[in-house]
Amino acid sequence: MAYKPLKLWFDKELAEQLSEKLLSVRSDFNSIPFIKKVNAGVDGLELKERVELIADELNNHLESDYPQQVEVLLQILGPENDEETGMFKKYFWIMPIAKFVEKYGLDHFDVSMRAIEEITKRNTGEYAIRPFIEKYPEQTMGRMKIWSMDSNKHIRRLSSEGGRPRLPWATKLQMFIDDPNPLFPILDNLKDDPSKYVQKSVANCLNDILKDNPKIAKRIIEKWITDATIERIWIIKHALRNLRKQNDEWAMKIISAL
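Using the working numbering, the first residue of the sequence shown is number 1, and each one after it goes up by one.
Derived from the structure by calculation, the hints contain no laboratory data. Among these hints, one or two may not hold up.
Within a straight-line C-alpha distance of at most 16 Å, the following computed EDC-like cross-link-like pairs (lysine to aspartate or glutamate) qualify [said to hold, decoys possible]:
#1 215 / 249
#2 153 / 84
#3 211 / 248
#4 7 / 52
#5 4 / 52
#6 36 / 11
#7 103 / 49
#8 37 / 56
#9 153 / 82
#10 103 / 43
#11 99 / 56
Computed from a prediction, not measured in an experiment: that's the story for all the values here.
Using the sequences provided together with the hints, build the complete structure.
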């Protein structure tokens with residue numbers, strides 16, 4: 001099969017698939033105008049714009065208030081993803097639903113947190129969560145700390161990945177560039193996580209912090225090296241990969257001590 005860029009999967013065919021799923025739980029869904037609007041708007045758009053277009057048309061054609069819209073959307077998500085991969089292959093079609101929550105759910109904290117949690121079990125809520133961190137920092141970080149102890153690896157990963165100061169494809173979280181300390185209770189809960197998927201996220205979050213707040217990040221890493229588990233050793237080494245390439249003296253000393 002010829003390679004098909006991810007953005008091209010967000011098209012009329014996807015709108016038709018979403019319509020079929022929505023009609024199965026809500027028979028009055030305006031499927032025909034929804035499909036037409038998506039089809040008319042996608043040409044010339046890049047990935048993020050296509051995802052947002054579909055999210056906007058979901059909002060326009062699910063004729064009810066936000067909590068009711070979310071209830072309908074959650075019903076079509078299907079089985080949870082038991083693997084550490086597949087979020088952008090098998091479950092790519094959920095991305096517009098995550099964008100819908102990100103864009104239209106800010107005034108409905110509890111409803112949106114539940115939606116992000118369910119979305120994350122299949123795709124990812126790492127982008128959708130960021131506006132909530134900015135608008136409700138204490139509430140959202142409190143919820144993410146709870147998530148860091150969840151039995152589901154996707155939810156645990158979200159607690160780290162969603163708060164990354166410099167998450168790729170996302171707006172920077174300036175509040176954590178200025179002060180990363182609210183992230184550390186979450187990262188501390190995850191420092192010995194058994195899932196490589198989660199470990200990578202923790203390491204990448206530390207790597208982000210090292211770029212803007214090296215003294216703070218180094219202090220945390222120096223604390224973590226005491227009685228470090230195999231999982232924690234991997235996280236620390238991966239977090240230091242950029243400094244290692246630069247032959248940074250401090251990083252090389254830490255790595256040799258592990």
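Here is what the structure says about each hint:
At most 16 Å may separate the alpha-carbon atoms for a hinted pair to count; residue 215 and residue 249 meet this at roughly 14 Å. Proposed proximity of residue 153 and residue 84 is supported: the alpha carbons are some 8 Å apart, at most 16 Å. A threshold of 16 Å between alpha carbons decides the hint, and for residue 211 with residue 248 the separation of about 13 Å falls inside it, so the pair holds. For the hint linking residue 7 to residue 52, the alpha-carbon distance of about 12 Å falls within 16 Å, and the restraint holds.
Pair hint residue 4 plus residue 52 does not hold up; C-alpha atoms about 20 Å apart against a cutoff of 16 Å. About 10 Å separates the Cα atoms of residue 36 and residue 11, which keeps this hinted pair within 16 Å; it holds. Restraint check for residue 103 and residue 49: the C-alpha separation of about 13 Å stays at or below 16 Å, so the hint holds. Proposed proximity of residue 37 and residue 56 is supported: the alpha carbons are some 10 Å apart, at most 16 Å.
Note on residue 153 and residue 82: the hinted pairing holds, with a Cα-Cα distance of about 9 Å set against a maximum of 16 Å. Simply put, residue 103 and residue 43 have alpha-carbon atoms about 22 Å apart, too far for the 16 Å limit, and the pair is violated. With a CA separation close to 9 Å, the supplied pair residue 99 and residue 56 stays within the 16 Å bound.
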